[in-house]
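First to last, the protein sequences are chains A and B.
Under full-length UniProt numbering, the first residue of the first sequence carries the number 1, and numbering increases by one thereafter.
Under full-length UniProt numbering, the first residue of the second sequence carries the number 1, and numbering increases by one thereafter.
Hint data in this document are derived by calculation from the structure and do not stem from the laboratory.
Don't be surprised by glycine CBs; every beta carbon is placed ideally from N, CA and C.
So the derived list for chain A, only partly shown, Cβ under 8 Å to chain B, looks like this:
hint : residue
1    : Glu43
2    : Ala148
3    : Phe155
4    : Phe260
5    : Ile282
Calculated Cβ distances over 12 Å to all of chain A for the following chain B residues:
hint : residue
6    : Leu51
7    : Arg67
8    : Ile74
9    : Val77
10   : Gly136
11   : Val140
12   : Arg190
13   : Thr223
14   : Glu224
So the derived label-pair ranges between C-beta atoms look like this:
hint : chain 1 : residue 1 : chain 2 : residue 2 : range
15   : A       : Ser213    : B       : Ala195    : 16 to 26 Å
16   : A       : Asp176    : B       : Lys8      : 35 to 45 Å
17   : B       : Asn5      : A       : Pro215    : 20 to 30 Å
18   : B       : Arg98     : A       : Thr63     : 42 to 52 Å
19   : B       : Asn130    : A       : Leu307    : 25 to 35 Å
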Amino acid sequence: MTSTTAPPSQTTENEEPQAAPPAPRRRRTWFPYLILLPALVLELLIHIVPMVTGFWMSFVELTKFFIRRWTEAPFVGLENYSIAVDINTPVGQGLLNSFLVTLAFTLLVVGISWGLGMAAAVALQRSFRGRAIFRTLFLIPYALPLYAAVITWNFMLQRDTGVVNHVLVDQLHVMDSAPFWLIGGKAFTSVVVVAIWRMWPFAFLMFMAGLQSIPEELYEASALDGASPLRQWRNVTLPMLGAVNRTLLLVMFLWVFNDFNTPYVLFGTAQPAAGDLISFHIYNASFLSWDFGTGSAMSVLLLAFLLIVTLVYLFITQRKEKRNA
Amino acid sequence: MRETNGEKIFRVVVLVVLTVFVVVPLYVMATTSLKPLGDVQSSFSWIPSKLTIQPFIEMWSTVPLARYFMNSLIVTVVATGFSVMVAILAAYAVSRWRFRGRGPFMTTVLSTQMFPGVLFLLPLYIIFVNIDTSFGVPLVGTRLGLIITYLTFSLPFSIWMLAGYFDGIPRELDDAGKVDGASNLGILLRIILPAARPGIVAVAIYAFMTAWGEVLFASVMTTETSRTLAVGLRQYATQTNVYWNQILAASLVVSVPVVVGFLLLQKNFVAGLTAGAVK
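Make a model of the complete structure from these sequences and hints.
Set out below in structure tokens:
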């Protein structure tokens, strides 16, 4: 994540390393390392070492026969990978299906959340009576613990007792018979809607924070030029939110693509094929079949995919930034 | 600037649509928690046939909710406290010193945000088992294991946000403190921390919400005695009857502290984002 590597600072980033710290503190260089130590140890223990171990696990045959003696698991090279990507087998097909479902899920959730968040932030940009109430209300889905929100949606989507079928079938009569929302093909719609409900307030929050730093004069100037509100949005708001946008889109993409919690709480262990998101798919492939080698190989492939997307994204956005500068 | 009609229509439409979208689930949650069991077992009705607080009483005995609640509270509060402390120290180092390895440290820490949880779930479990058997530190299925895990989850974002916040505090203040004979730690405690209050509050909210809402690791790394709300609420569904009114009553109760806290402190959160993430 190069764009976020250097924390935004008041001083320019190309400053000489020696120029930044005040002179007396340069001599005792052990101090920054000392106070960095707790964070370093925790990151190593919880993130880095497990990740490296997971990488190693993807090259061994870690089935239920070896889980108790996992250090003795035989090395199988790339076999786990070839099992995971062989689309002529049910395992490979399942992974491919899950990948495509997740891709569609991510594009829809990120895109729509972005749109709703932007619309709400712009609609609340101008101050009016009651604005604070809307701001607060719109943040509630984000503040709610995920499982509490998803459990509520699970109840709403129940076939016989839920509010969704009550409205669609009994009140609006858009459907003749009550469909199942949590199993079968409609499960995809359900998980997308629930994920958007959770995600869009985050986009709203970020845009709201970003809009505060746009000087009012910019709008006044463009209004004098006779720009319509839509043009103002395109020529002032959107460019001024550029930095927020770049971070937000990447963060939302990574979160949504890795989302495990939403499908897990919404569907339980009976994951419908149409809502088979990839994190959950890998979890099931590992823990239900007790084949952690193949599960790890799938995770590594997922990580590689996310890494490539991230690098390409950063490359493109930074080149654009340089061109504009 | 005057508001055009187009803008007004846009605003009303956006606000109405989003309000309905946001409010319906909240309304369902709140009203269902006040319905008698008969209501939630038949077709949905917008208005409860009768209001009862029975679900809020019975939910404590259907499953050991109080225990889950305590577990969640202990794990979350301790994890948040330590996470904020560790993040403050790391952010101070990153913000005030250009030491060797600073860049790689930040890159590595931030890139952990990209890791799929499923990739390190099992390795972490195995590592905890090994630490448990070799050093006798009980990390498996305990609150301690969960605390250490959760406090690390919120670290990357917290360090990044706080470093941005600290950068905004003028170094001249540090130097003034130095002249008065303050140590590095003294400068942090007496100059940086008071000036960075909103950022610290924002980070604490973030850490609290992360730990309170986490599901994946809680579902694998807890046992019956250390189970948190994220997993515990599922227990209602394993009963012979699905007590939807009690489930939603419990969901409401576990949400209130977080939502109220977040809404009260949201200004800090926005300020923290503006200083750290958005610039």
